[in-house]
Amino acid sequence: MRSLRPGLRGRVSAAFAVGAFGVSVLLAVTTYAIASTYLLDQRYETVLRQAVFNAESVNDAVLTTQPALSDLLERLDASGGESSSPLVLLDGTWYERQFQPGHGRLPTAFVTAATHGEPVRQRFQTAQGLAVAIALPLEASGGTYVEVFSLRELDQTLTTLAATFTGTATMTTALGLLLGLWASRRSLRPLTSVTTAAAAIAEGDLGTRLGAQRDRDLAGLADAFNRTAARLQARVERDARFAANVSHELRSPLTTMVNAVEVISDRADKLDPESREVLDLLADDVHRFARMVDDLLEISRFDAGVIRVRRQPTDIASLVQVVADRTAGRAVTEVEADAEALVCWLDRRRLERVVENLVRNAQIHGGGVTRVAVSATTAGQDAGTVADTRVARIAVEDAGPGVPQGADEKIFERFSRGAPHRSGNPEGVGLGLALVFEHVRLHGGRVWAEGRTPHGARFVVEIPTEPR
Amino acid sequence: MLVEDDERIRRVLDIALRGEGYRVMQAGAGAPALAKLAEVPADVVVLDLMLPDIDGFEVCRRLRRTSDVPVIVISARGDSHDVVAGLEAGADDYMIKPVVAKELSARIRALLRRSRGNEPTSANTVAGDLEVRPGEGVVLRGGEPVQLTTTELRLLEELAERVGAVVRRETLLERVWGYDFFGDSRLVDVHVSRLRSKIEDDPGNPRHVVTVRGLGYKLAP
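Protein chains in written order, with the numbering used here: chain A, 1 to 468; chain B, 1001 to 1221.
Note that these hints are calculated values from the structure, not bench results.
C-beta: ideal position from N, C-alpha, C; glycine also.
No incorrect hints appear here.
Which chain A residues stay away from chain B? Per the calculated CB distances, all over 12 Å, these:
| hint | residue |
| --- | --- |
| 1 | Gly104 |
| 2 | Asp215 |
| 3 | Ala230 |
Selected chain B positions facing chain A (in silico; Cβ < 7 Å):
| hint | residue |
| --- | --- |
| 4 | Ala1016 |
| 5 | Lys1097 |
| 6 | Pro1098 |
| 7 | Ala1101 |
Construct the entire structure; sequences and hints are all you get.
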């Protein structure tokens, strides 16, 4: 049964993926944090050095020649690795480059802090991207030097770095998942073979064993599995052999008994009436006993799995007629026209047993067989069998109480016995119909029981004319 | 001759068969059976395949070296290889345990009927280099007599009677083995292959006794 809970493989793979994700994210975040801090510090240092240098130039110029501040600002080295714009705030007036007006874009908090005569640094967002502004007091004039540096390139570098790390983390996670799938499949491969072997055993192939395992962890499992299977097999075989041996051993004394009874029966006219009656009882029971032993031996062969089906082309109607009439002791068989000379590939001995057992069943439990009908039909008209298969159908009808509701499946089980119709009728051990079921199944056919109106039962056997 | 290791079964079958009018010799193992048969020839040998000393197959093979006596083997199981192996070892017919005297008696009668040659004599038949003379119970191959067992001879005679025509396995079972219905077609198949090994140049590629698939056999004219 499948549950919603993921399987062992799924869980192992997921664990691998989560592990890979965690490690890669941790690595990426740490690396990013260190790298960005380092790059930012480097940049701040550079821009600060430039700003201090430029601020000194402006300070000197204000003290000595006092040229127009605007001209001075135009001449300042304001490359700073990247574009920067120098500004000077003097006595409440902003001086700035002609084509780089900028004081209006400075954050007000920064401007306020700058006018207090303290050096200030602040990062802020502009329309052109991230920027950093540095304010330095001009001691000579009491003004403030401000330089705004673009951080766009650095920002782009960091964005690229972040994207790279995200990509790497994603890929690592995916690789982790794949690795998990591969590793789990590899490490669970022995488990797959265990599953296959267990399924084979459940199917009845008790000889299945696991091969030698190189892995120490799995060797124990394989060993335990093989030992369990071996013991199961030994036990099943012992049971089957026991039944077979017992029945086999019983056959020797039975042969003596059957023949002895026969010899005495041939001389029955020399016996007095009472002895003759006792002899009849003895003969009946000896034959019944012989049949039971035969049935037991037969069923134990099914259990031991030593079944050999010997199919040969057979005129099924003639076979049924001969066997059914012989078993019933009178003519009971009706062959329909379409079944005349119908040739089936079947194991004659097994079909003989099927017919015998069904007729005998009708006599014991059905108050006597009323009719055995043989006909030909095409399976597939009713559900269950393969379509368009020619099948021979044998119906054995009786006049008994019919099949009890709900018992129609159970009567084909072993040792399930219906009530004898009349007391005193010899009864079987309840293997007759079970054997019918097994024999018919071997031929790829089916058997079922149905009630007849107004009373009685009909046992129907369908056997494909050609083996599948 | 009744060869059976279980003494009680042997004794009861002895009584039963004597009741049917046969004279019965007994042996409980293979070696004494062969020794006895060398002294007193039997008309039919009933042979259990499971014997304490030499197994039944070997007894059958040794018997065949010197004798054409009809042999019925008793096998524990009908669907086992025992039956085919027994027939290949030279047995004429088989029975499945438990053996019931009446059935055994019927099989013996069928074999004896054959071996005594009560059949109406029909004309001699020539097929290729083969000549079948039912009246004399002789088969000549290229003018030389061929040593056949009773069953092989009867089989060939049946085919010769309708030379060129297909004879169904069922017909052969009925006419050669005396089965009223549903005999075992392995009887026919094994005996045909034994017959071929004696009368064909290449038994794997027979020219005289030809298989007609699904039906039976025919003797090619």
